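**Q** Residues per chain, in single letters:
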Amino acid sequence: MTLLVVLDHDRGKWVEANDEALTAARGLATAMETGLHAVLIGEGALDLAGQAGAGGAAVVHVATHPMLTDYGPDAHAETVVQLAAATGPDAVMAVGTSRGNEVMAQVAARTNLPFVANCASVDPTAEPWSITRVQWGGSLLEDVTLDAPTKLLTYGLHATAAVRASAPGAGTVEMFTPELDDRVGHTIVIDRDVQTAGVTLSTAPVVVSGGRGVGSAEGFAVLEELAELLGGRVGCSRAVTNLGWRNHADQVGQTGTRIAPEIYIATGISGAIQHWVGAMASKRILAINIDPEANMVVKADYAVIGDLHEVVPAISAEIRRRRG
Amino acid sequence: MDILVCVKRVPAPGARINVTDDGLAVDTAHLGFTTSPHEECALEEAVQIVEREGGTVTVMTLGPPEAEEQLRYAASVGAHHLVLIPTDGSAWDPQRTATALGEAIAAAEAERGAPYDLLLFGNESADAGGFQVGVRVAHRLGRPIVNAVKGIEIGETSVTARREIDGGFEIYRLPRPAALGIKEGINLPRYPTMKGRLASKKAALAVEEIDAPPGGQSLVRLHRPVETTSRTEVLGTDASAAVAVVDLLQEIGVLP
Ligand SMILES: Cc1cc2nc3c(=O)[nH]c(=O)nc-3n(C[C@H](O)[C@H](O)[C@H](O)COP(=O)(O)OP(=O)(O)OC[C@H]3O[C@@H](n4cnc5c(N)ncnc54)[C@H](O)[C@@H]3O)c2cc1C
Ligand SMILES: Nc1ncnc2c1ncn2[C@@H]1O[C@H](COP(=O)(O)O)[C@@H](O)[C@H]1O
Numbered sequence: 001m002t003l004l005v006v007l008d009h010d011r012g013k014w015v016e017a018n019d020e021a022l023t024a025a026r027g028l029a030t031a032m033e034t035g036l037h038a039v040l041i042g043e044g045a046l047d048l049a050g051q052a053g054a055g056g057a058a059v060v061h062v063a064t065h066p067m068l069t070d071y072g073p074d075a076h077a078e079t080v081v082q083l084a085a086a087t088g089p090d091a092v093m094a095v096g097t098s099r100g101n102e103v104m105a106q107v108a109a110r111t112n113l114p115f116v117a118n119c120a121s122v123d124p125t126a127e128p129w130s131i132t133r134v135q136w137g138g139s140l141l142e143d144v145t146l147d148a149p150t151k152l153l154t155y156g157l158h159a160t161a162a163v164r165a166s167a168p169g170a171g172t173v174e175m176f177t178p179e180l181d182d183r184v185g186h187t188i189v190i191d192r193d194v195q196t197a198g199v200t201l202s203t204a205p206v207v208v209s210g211g212r213g214v215g216s217a218e219g220f221a222v223l224e225e226l227a228e229l230l231g232g233r234v235g236c237s238r239a240v241t242n243l244g245w246r247n248h249a250d251q252v253g254q255t256g257t258r259i260a261p262e263i264y265i266a267t268g269i270s271g272a273i274q275h276w277v278g279a280m281a282s283k284r285i286l287a288i289n290i291d292p293e294a295n296m297v298v299k300a301d302y303a304v305i306g307d308l309h310e311v312v313p314a315i316s317a318e319i320r321r322r323r324g
Numbered sequence: 325m326d327i328l329v330c331v332k333r334v335p336a337p338g339a340r341i342n343v344t345d346d347g348l349a350v351d352t353a354h355l356g357f358t359t360s361p362h363e364e365c366a367l368e369e370a371v372q373i374v375e376r377e378g379g380t381v382t383v384m385t386l387g388p389p390e391a392e393e394q395l396r397y398a399a400s401v402g403a404h405h406l407v408l409i410p411t412d413g414s415a416w417d418p419q420r421t422a423t424a425l426g427e428a429i430a431a432a433e434a435e436r437g438a439p440y441d442l443l444l445f446g447n448e449s450a451d452a453g454g455f456q457v458g459v460r461v462a463h464r465l466g467r468p469i470v471n472a473v474k475g476i477e478i479g480e481t482s483v484t485a486r487r488e489i490d491g492g493f494e495i496y497r498l499p500r501p502a503a504l505g506i507k508e509g510i511n512l513p514r515y516p517t518m519k520g521r522l523a524s525k526k527a528a529l530a531v532e533e534i535d536a537p538p539g540g541q542s543l544v545r546l547h548r549p550v551e552t553t554s555r556t557e558v559l560g561t562d563a564s565a566a567v568a569v570v571d572l573l574q575e576i577g578v579l580p
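The listed protein sequences derive, respectively, from chains A and B. Using the numbering used here, read the first sequence as starting at 1 and increasing by one per residue. Using the numbering used here, read the second sequence as starting at 325 and increasing by one per residue.
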């Protein structure tokens, strides 16, 4: 009886979401009354085995193969399927990153097992399992039952706050070599195009966003100015992207980027649920809107009820004044 | 290039999502319907590729008969063939959905005598967000698939895909026929023209009755997450609020 957790890494660099995955996995393994195994795949994986052990894994499987260099959904899923066939876990889980969900979907397709993506809580104490998962990017919860000989699931990103393990696992390393054929090579990363250095929207400490209320692409200049003064980034709503005022890379929300800054300054944004789910992990929210009834204002921690074109430049001016 | 795009009809909620009394569906009494933004972009991408390379765009949906609305919309922005797999409107689990879509695509390809060059899906559906129907369908049909794609280049016998990662892109090259899960942002979908709207009314619509056995994930009920009600502190009603705002920024330590 084991729970196998599939960990992610980027060319040997530990992915932060692994800490969430291990936290959730420890809780689940305890509820299942089983041991916790982890798997790390590909080049650089061996160097991270210690971290997986510290996170509670009794056994850390390290999978290597000449084809397991960079990430590839087929290669990784095929590896997980073969490892599962060899070790017989009761459940296999990953964290709900883009890759985590993709690998688990590939595992599910190969094994024809159900796969419950983006779980919020899991009760494994009775068959079938009872699970609450998120729909609509987090705006709605769905209770489901999961009936399968081997359970496949991901936990939603940020569904579990990462906590250090009170006791490390043994972290015994076991090497694994899958048999991979050329077909899995069809979906392996062949190159990278790294664009921005420095803060990205998802990691910025301050995000200053504009919605339809900004009125034009040029209107964003005042938001750019404030974001720069605060060492932050400019975001926007989908209305703005659809109007062609900003690039989609700036969009916050269900189908854009999920942000978690120290403060989110949302100006001229009504706060539709699909926008809100992308912003709700922010530590604090300041809404600037002419409408005191706007959902963004009602849900925010702080608000200025006024015209963003007057309020935002005044904030920048005040910052400059204090800096002298 | 012949491209098939799978789209799903979903409600378009505003400030909150309400659930029906039995907890089995979103209350759509006062809502319009749309397709997921990711799928709208997948369709736009298909139309643009075919405008450049020649070929056809087929759009397929599994849903209630009313999903014809989303298919007609697709025709109004450039899709050539429409396929509806009708359901009774209840939510189908991912395995059941993927089996039925896979069978319908296999049947269409058998009739055409050739596979579609590309199958396009959304990265995830707007409502269920299972992140898997496209992958299951592609696997069933033996096509390579990569998700989270925000750029496509058509090669001689391949398709090059750009996948967004934090601060950049990963590049993949898949042999055709292939499948891709598309993300919003790959393009800016067009709006239908009057001519497109008129033509869409006459576009032929194929109805394929296909059922499939349910999978191992069963819906019990939907419910809204507990809303964290914070009291909003109003810092002002005009430009003079700037002082209080900057005090706040200083207090929380984001003023470098
Ligand atoms: C499946 C799906 C996914 C979606 N995903 C996303 C997503 O990822 N991100 C996203 O943002 N949306 C998303 N949407 C769209 C979302 O439903 C809303 O349509 C969108 O967020 C509205 O953008 P907005 O707030 O800028 O515009 P509006 O709703 O038009 O709001 C404009 C606001 O500006 C205020 N305003 C006007 N003038 C001023 C002024 N001078 N000063 C201050 N305030 C002013 C108004 O009071 C109003 O509150 C999605 C929708 C669907 C169906
Ligand atoms: N009922 C459906 N009809 C057509 N396509 C669908 C349906 N459900 C899911 N899909 C496709 O599969 C993708 C992934 O869906 P999901 O696994 O639900 O997140 C969607 O973006 C659609 O392209």
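Quick caveat, the hints were computed from the structure, so don't treat them as lab data. Only a predicted model underlies this, so the values are computations on that prediction, with no experimental measurement involved. All C-beta atoms, glycine included, are put in the ideal place defined by N, C-alpha and C. The reader is advised that the hints may include incorrect statements.
To be verified - Derived contacts from chain B toward chain A, CB cut-off under 7 Å, selection only:
| # | residue |
| --- | --- |
| 1 | A336 |
| 2 | R340 |
| 3 | A349 |
| 4 | V470 |
| 5 | R521 |
| 6 | L546 |
| 7 | P580 |
Unchecked claim - Just a sample of chain B residues kept apart from chain A, beta carbon distances all over 10 Å, derived:
| # | residue |
| --- | --- |
| 8 | T352 |
| 9 | G378 |
| 10 | A432 |
| 11 | D451 |
| 12 | I534 |
| 13 | G560 |
**Q** Run every hint past the structure and note whether it holds.
**A** Hints versus structure:
Given hint, A336/B at the interface with chain A, is violated; its Cβ is 9 Å from that chain's nearest Cβ, farther than 7 Å. At a threshold of 7 Å, the smallest CB-CB gap from R340/B to chain A is about 6 Å, leaving the interface hint in force. Taking 7 Å as the C-beta contact cut-off toward chain A, the hint placing A349/B at the interface is violated, the least distance being around 11 Å. Annotation: V470/B was flagged as interfacial toward chain A, and the flag holds, the nearest CB pair being 5 Å apart, inside 7 Å.
Contact between R521/B and chain A, as hinted, is not supported at the beta carbon level, the nearest pair being about 19 Å apart and thus beyond 7 Å. Checking L546/B against chain A: minimum C-beta separation of about 5 Å stays under 7 Å; hint holds. With a least beta-carbon distance of about 5 Å to chain A, the hint placing P580/B at the interface is held under the 7 Å criterion. At the 10 Å boundary, the C-beta of T352/B stays outside the reach of chain A, the nearest C-beta of that chain being 13 Å off.
The claim that G378/B is not at the interface with chain A holds, since no C-beta of that chain comes within 10 Å of its own (minimum 25 Å). For A432/B, the shortest C-beta to C-beta distance to chain A comes to about 20 Å, beyond the 10 Å cut-off, and the non-interface label holds. Taking the minimum C-beta to C-beta distance to chain A, about 6 Å, the non-interface status of D451/B is violated against the 10 Å cut. For I534/B, the requirement that its beta carbon stay farther than 10 Å from each beta carbon of chain A is met, with the minimum near 18 Å.
Chain A draws G560/B into its interface by the beta-carbon criterion, the shortest separation being 5 Å against a cut-off of 10 Å.
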